[in-house]
Amino acid sequence: MHLLEPRAQPSQIMRWTAPLIAIAATLVVGSLLFWALGKPALASFQVFFIEPLTSSNGWSELLIKACPLILIAQGLAIGFKARIYNIGAEGQLIVGALFGGGVAIYFEGSDSSLIIPAMVLAGAVGGALWGALPALLKTRFNAEETLTTLMLTYVATFILSYMVNGPWRDPEGMNFPQSVMFGDSALFGILLEGSRVNTSVFITLFAVLAFWLFNAKSFLAYQLEVGGQAPAASRYAGFSAQRTIWFSLVMSGLTAGLAGVGEVAGPVGQLNLNISPGYGFAAIIVAYLGRLHALGIVLAGFLMALIYLGGEAAQVSLQMPAAITGIFQGMLLFFLLGADAFIDNRLRTPI
Amino acid sequence: MVESLIPVLAGAIAAATPLIFAGLGELIAERTGVINLGVEGMMLTGAIAGFAAAADTGYGAAIGLPVGAIAGAATAMIFAFFALSLAANQAACGLALTIFGIGLSAFVGQHYVSYSLPGLQPLAIPLLSDIPLLGPVLFKQDAVVYLSFIAFASVAWTLSKTRLGLLLKAVGESPESAHAIGYPVLGIRYGAVAFGGAMAGIAGAYLSTVYTPLWVQNMSAGRGWIAVALVVFATWKPTRLLLGAYLFGAVTILQFHAQGLGIDVPVQVLAALPYIATIVVLVVISRDRRLLQLNLPASLGKPFLP
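Just so you know, the protein sequences line up as chains A and B, in that order.
Under my numbering, the first residue of the first sequence is numbered 11, with each subsequent residue one higher.
Under my numbering, the first residue of the second sequence is numbered -12, with each subsequent residue one higher.
Chain A with its partners taken away, still in its complex shape:
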């Protein structure tokens, strides 16, 4: 059962090829899965991974899905480096969407150009608050952030459900749990004629650059990383563990909140119960697949977006449930973790 033994030196080659190995393994096993389900493996592969990219519309849809994933993953990566495991970005996204959407609903009918900036600000605050709560519980009461962030995701879902079933329900929405459709002033401007790509991509672009600079240049980023890799050394150097926790959770909440605004003031255009197809969870995989590196995350985000698009295509062309996306996501994370095991270890040589 013991398959591995430690390497003398961590393998740098494995560190960067592990994501590629994981992707390749996911593609192979995924194709086998199609075959096992009685679908032609190659044709299904084509539908899932190639066809979405054969039209310009496909590429713009890819960008629309990649942006929130990349944005959230940038924030999560900060915490993951410091070993702060925020797995409730989905909830922070929802609260960000609620705050931003609340601004849109409150100022319904106004055509002020300040509404979008106000929504962005409100969404950032909302997400950051929902991230600050587990930070408070962790620093003050020592409560595990994995469980509290996840539980707060469920709570956020119920708040959303209450708002769109109650105070914010569209009176002309035939009793559907949804708010009014936002007016043009509460939507990001369309960037590419004929597509759904909108100006919220600049938020993601800005975040990528900001986090890249932050990781490369700032002393705080260094402190966070030391705190994750060598907690004792970090304490000895006088780096504050409390600050690490606050910063990680608030920043990741903030980016998730921004992603939430991007959805409701973008492709979704209102508050309803389906504002996110699990972006907050998928972004965890994106962060690790991108090696917690700002640019790596961009590539990983596009791949994850492709898995979402492939899932939608498989639904239409192969009559498969959209849940296939989750199967692929789970496999990808497993294979990535498996491949990562070979960074510090190697196969045991039989004696």
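The set of hints was computed from the structure by calculation and includes no laboratory data.
All C-beta atoms, glycine included, are put in the ideal place defined by N, C-alpha and C.
Hints should not be assumed to be uniformly reliable.
[Stated by the list, open to error] Okay, the calculated beta carbon distance ranges per label pair:
(1) A:Leu13 - B:Ala167: 19 to 29 Å
(2) A:Leu63 - B:Ser101: 30 to 40 Å
(3) B:Gln204 - A:Arg253: 32 to 42 Å
(4) A:Leu305 - B:Trp144: 51 to 61 Å
(5) B:Trp144 - A:Leu63: 53 to 63 Å
(6) B:Tyr46 - A:Ala34: 34 to 44 Å
(7) A:Gln329 - B:Tyr46: 28 to 38 Å
(8) A:Thr64 - B:Tyr170: 52 to 62 Å
(9) A:Ala34 - B:Leu151: 36 to 46 Å
(10) B:Ser161 - A:Thr64: 54 to 64 Å
(11) B:Asp43 - A:Gln19: 49 to 59 Å
(12) B:Gly169 - A:Leu357: 19 to 29 Å
Please arrange chain B on chain A, whose structure you already have, making use of the hints.
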């Protein structure tokens, strides 16, 4: 007044039953030093496998529960391969298992969305069910609830009174020592993870074939995560886990009886209560660092490579 409480309390016992199964399974795995955050995923695969078996054969929960257990244990083995044999990060592997399990169960479950099952009739135990208050609450339940009593007693007894229990705890406290005196640490951890998976599978199958009884996508609705939190709350002790589960059963059932009890708050507030309660109990138990440190299995979450 007391009479009107009986259905509420009996409902709480039934609502707690999946938490007891899943929680006991996770407790055993964690006692050997393995934290498996994939309980939610294993519950869901157990739920759909059990439901499919029950619906296809027509034998109901009698076949659904064992099939759910096998499905839960089988998915747990995926986790075990990566987290134990390859010594990968346990928390991340558990998360992968949950994402995978949610997807897989929804995928398979697509064919079963419109089915419904007969469920199980309550089985009154002679004499015991005649005890005032406690009788109808504890002993007029379905057979699986009684099974959860037996599971609790077996786990508690095994951990405190048997050689196997001692071995499980030894592996969790000091895998190096257990390995040095010749015990197969990984083998024991594999076994504990499989047991955890089987118990989570039973919990899921109970939801889909007895409690609800129908298949709804994502029907465990966070109960797997609550079970993980309960193990911390219980400070890794079966008796406290049982009490915690009943407390959560009561909180869960409140939303169905709130109107009858004259509580007038939005349904979403009541539905959110179990999750808020989870946070509250985590805070209450975690703030006492010493208590946690004293009971925490020393090797919890740390991979073992000899």
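Here is what the structure says about each hint:
no.	hint	in the structure
1	A:Leu13 - B:Ala167: 19 to 29 Å	holds, 20 Å
2	A:Leu63 - B:Ser101: 30 to 40 Å	holds, 36 Å
3	B:Gln204 - A:Arg253: 32 to 42 Å	holds, 41 Å
4	A:Leu305 - B:Trp144: 51 to 61 Å	holds, 56 Å
5	B:Trp144 - A:Leu63: 53 to 63 Å	holds, 59 Å
6	B:Tyr46 - A:Ala34: 34 to 44 Å	holds, 43 Å
7	A:Gln329 - B:Tyr46: 28 to 38 Å	holds, 30 Å
8	A:Thr64 - B:Tyr170: 52 to 62 Å	holds, 57 Å
9	A:Ala34 - B:Leu151: 36 to 46 Å	holds, 42 Å
10	B:Ser161 - A:Thr64: 54 to 64 Å	holds, 57 Å
11	B:Asp43 - A:Gln19: 49 to 59 Å	holds, 54 Å
12	B:Gly169 - A:Leu357: 19 to 29 Å	holds, 24 Å
In summary, the structure agrees with every hint in the numbered list given earlier.
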